[in-house]
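Engineer: Here is how the chains run, residue by residue.
2 protein chains.
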Amino acid sequence: MNYLEQRFSVQFNYKVFFTSDLFAESNKLLENFLAERKESGTEAKILFVLDEGLVTANPSIPQKIRNYFSNADSFQLVSDLIIVPGGEAAKNNNIYFNQILEAVHNHGIDRHSYLIAVGGGAVLDLAGYAAAVAHRGIKHIRVPGTVLSQNDSGVGVKNGINYFGKKNFLGSFVPPVAVFNDEQLLLSLDTRNWRSGISEAIKVALIKDADFFYWIEDNVAALKDRNLNVMNQLVKRCAELHLEHISGGDPFELGSSRPLDFGHWSAHKLEQLSQFTVLHGEAVAMGIALDTLYSAISGRLDGDKAQRIIQLIRDLGFEITHPLMQVKESGSPLLQGLEEFREHLGGRLTIMLLSDIGKGVEVNEMDPGLLEQAGEQLHAISGAGYSRKVTA
Amino acid sequence: MNYLEQRFSVQFNYKVFFTSDLFAESNKLLENFLAERKESGTEAKILFVLDEGLVTANPSIPQKIRNYFSNADSFQLVSDLIIVPGGEAAKNNNIYFNQILEAVHNHGIDRHSYLIAVGGGAVLDLAGYAAAVAHRGIKHIRVPGTVLSQNDSGVGVKNGINYFGKKNFLGSFVPPVAVFNDEQLLLSLDTRNWRSGISEAIKVALIKDADFFYWIEDNVAALKDRNLNVMNQLVKRCAELHLEHISGGDPFELGSSRPLDFGHWSAHKLEQLSQFTVLHGEAVAMGIALDTLYSAISGRLDGDKAQRIIQLIRDLGFEITHPLMQVKESGSPLLQGLEEFREHLGGRLTIMLLSDIGKGVEVNEMDPGLLEQAGEQLHAISGAGYSRKVTA
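Note that the protein sequences, when read in sequence, are chains A and B.
Take -9 as the starting number for the first sequence in the working numbering and just add one per residue.
Take -9 as the starting number for the second sequence in the working numbering and just add one per residue.
Treat each hint with caution, since some may be false.
If chains are identical, the list can't say which one is meant, so a pair holds when it fits in one copy or spans any two.
[Said to hold, decoys possible] With a straight-line Cα cutoff of 20 Å, these simulated SDA-like cross-link-like pairs (lysine to any residue) come out:
no. : residue 1 : residue 2
1   : LYS54     : ASP240
2   : LYS226    : MET(-9)
3   : LYS5      : GLN53
4   : LYS157    : ASN88
5   : LYS156    : ASN88
6   : LYS28     : GLY245
7   : LYS318    : GLU355
8   : LYS214    : PRO49
9   : LYS28     : THR340
10  : LYS18     : GLU234
11  : LYS35     : PHE159
12  : LYS28     : ASN354
13  : LYS156    : ARG101
14  : LYS226    : LEU(-6)
15  : LYS35     : LEU244
16  : LYS28     : ASN84
17  : LYS35     : ARG338
18  : LYS28     : PHE7
19  : LYS318    : SER264
20  : LYS35     : GLN53
21  : LYS156    : SER264
22  : LYS28     : GLY350
Because the hints were derived from the structure by calculation, they are not lab data.
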């Protein structure tokens, strides 16, 4: 056979910094980071994309950003800070994607410039995607503003927007050059958003780190009391587990496996069915509950352990199911989520279940009958109150 | 400092196959390639994007493709072959990009499916970009249909479309899973397109491989006579040098250097100024001539060698300059190409020049006065005929 073979590898690395009040004049972390990376002869422009919800909750942020860069001679802040709606709205409408591209075009942002996105996961996804494709890649920095984005999506390598009504139909795998987790931004979250991201910590603990699961159990009261120190520990350990997973596995998801999506096939579908009135983290909590019970009913996981997991989820104040989360063996909207999950992964269905607390196991099919049982039990537990024994 | 560090590398590899009549029923190369990569439990769909110009020149191609896949039970050909205009038109208008995405959406093309693009560099760029971002990356296969795409753009890792009137404003670095260079497609090229791609071979020879330059000199007559065997040798060596460059350097262009863009700053601008009536390869031939003379005038390259290079370009039938290629020290549209090149690279201007045949040298500025001299000499040589001595 007549051919040439091409073979190369590309090295990626970035840091996830933990700080407080990133844009305070006295905080030199970001300034030093940018200064160290400055190449002689280049003029680095900086374009900000801010989450409207975050700005509403922290109205001083835009002015703090302007002040922060007013004395940084070697960087040129684009004074028009772009503000886009938070949540799925940012990803559903093409106009925000185009708005960022237009700013890149009009302000001559090049590959040595930075796009800094500050906000929840959806805004980071949107801005990261725009940065990934403009000029085949502008450096981008993420400043996640929620628990969910600080411990999960914001530290990873994926970005994207929705298209044709399909979640993340367009996107790419492009790592940020840095992530800055600012604890101050968590203080302005409402109760639902404070709690919501904790479900991703439970998820990654369940499939990878039993000790982390028990630590969360021990800290339920502090987390509910909005203890920032405890939340920081949770965020950091969760981020660390996500980073390790990415670097140890298949960072750009060239295969079919997606272990970190434990509990997510139903969560994604529920978000969509509820028209995103259920937050991602809330849906993930319900998705974990469903697949945990399914793991027990299908004989993979000890019933007492399943109960313990569901109890933790409820102790934190999460709902464990939802009227739209009904699974019918004969077919239900939620069950279509399995097929959509398969299609998005491509190829073979691969679902993560549990064989123990801290131990995931992958399967390639789910039994609709057992799934219906799991769904019904969850509804029963949810209605019957707290301490009902899971039968498995 | 409080941080986590992420570090990983991603391995890429793909083959560039050389074959004849890829879609002939008797040619099992593509079928075997797909069969070997088939994962059990997956259903691979295949979506074709064809270059209209190529289909016009090879009207049997669509039917041959349908026949080829009619017996391949394990693959499902999407029977609507997408046909888009060739050349920059494919990249200038968003509707072709959307047309491909809509097909991906409507036919449920997933990450285990293939998008196969057949055509010139522009169509490959467009289709590769759509494949790169749909579902964060569908596998794509390139079947380059021109000399230029078989020996240069088609074998590389870049893709993209034009936006806001800027060439490749949107794009990404995503390698194909395979490239199939089909010599039969070259036979249907008109004289301009047959010749055009040879300039990229001259370019890469000049900066990397003196022996290849002399080989091209020895084969001018055969190349002009459309000797397919000699052209195959040229395409293969040129593709090989490009592949080696990519794997040995900075595949995703994270730095500012772009050695393979020798002669390209003025070529890109000329293409645009001429509204793409000058073909890319023709513009590159003129760009090489300009930067070769500039290399001599600025004292880097021996004058006789500069003359020898320009003579080869002319012997092949290329023009060495163009009325729109005037450089004025006081400013000219062409000179703006330097600034646009800097902006697209990002940061510092980096231009490849020559210190010898087969030896490139990078510089960070060009002297407009000397550039004007080089431009004027080229016009004079061009007007004065063949054997005028280059003065340098």
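Engineer: Treating 20 Å as the Cα threshold, decide for LYS28 and PHE7: within, between, both or neither.
Structural biologist: For LYS28 and PHE7, the Cα distance is within 20 Å only inside one copy (19 Å; across copies 42 Å).
Engineer: At 20 Å max between alpha carbons, let me know whether LYS156 reaches ASN88 within a copy, between copies, both or neither.
Structural biologist: Close inside one copy (18 Å) and across copies (15 Å); limit 20 Å.
Engineer: Classify it for me, LYS318 with SER264: is the Cα-Cα distance of at most 20 Å met within a copy, between copies, both or neither?
Structural biologist: within (18 Å within a copy, 63 Å between copies)
Engineer: Please sort LYS28 with THR340 into within, between, both or neither, judging by C-alpha distance up to 20 Å.
Structural biologist: between (44 Å within a copy, 17 Å between copies)
Engineer: As a check of your reading, is LYS318 near GLU355 (CA-CA no more than 20 Å) within one copy, between copies, both or neither?
Structural biologist: within (16 Å within a copy, 69 Å between copies)
Engineer: Give the relationship of LYS35 and LEU244 under a CA distance limit of 20 Å: within one copy only, between copies only, both, or neither.
Structural biologist: between (34 Å within a copy, 17 Å between copies)
Engineer: If the cut is 20 Å between Cα atoms, do LYS54 and ASP240 qualify within a copy, between copies, both or neither?
Structural biologist: For LYS54 and ASP240, the Cα distance exceeds 20 Å both inside one copy (39 Å) and across copies (37 Å).
Engineer: Within a copy, between copies, both or neither: which one fits LYS214 and PRO49 at a CA-CA cutoff of 20 Å?
Structural biologist: neither (25 Å within a copy, 69 Å between copies)
Engineer: When no copy is named, should LYS35 and GLN53 be tagged within, between, both, or neither for a Cα gap of at most 20 Å?
Structural biologist: The answer is within: 18 Å in one copy meets 20 Å, while 52 Å across copies does not.
Engineer: Evaluate LYS28 and ASN354 at a C-alpha cut-off of 20 Å and name the case that applies: within, between, both or neither.
Structural biologist: Intra 48 Å, inter 17 Å, cutoff 20 Å: inter-copy only.
Engineer: What label fits LYS28 with GLY350 when the C-alpha limit is 20 Å: within, between, both, or neither?
Structural biologist: Neither: 43 Å inside a chain and 27 Å across chains, both beyond 20 Å.
Engineer: Reference check for the pair LYS157 and ASN88, CA-CA at most 20 Å: within, between, both, or neither?
Structural biologist: both (18 Å within a copy, 17 Å between copies)
Hints 1, 3, 8, 10, 16 and 22, counting from the list given before, are not met by this structure.
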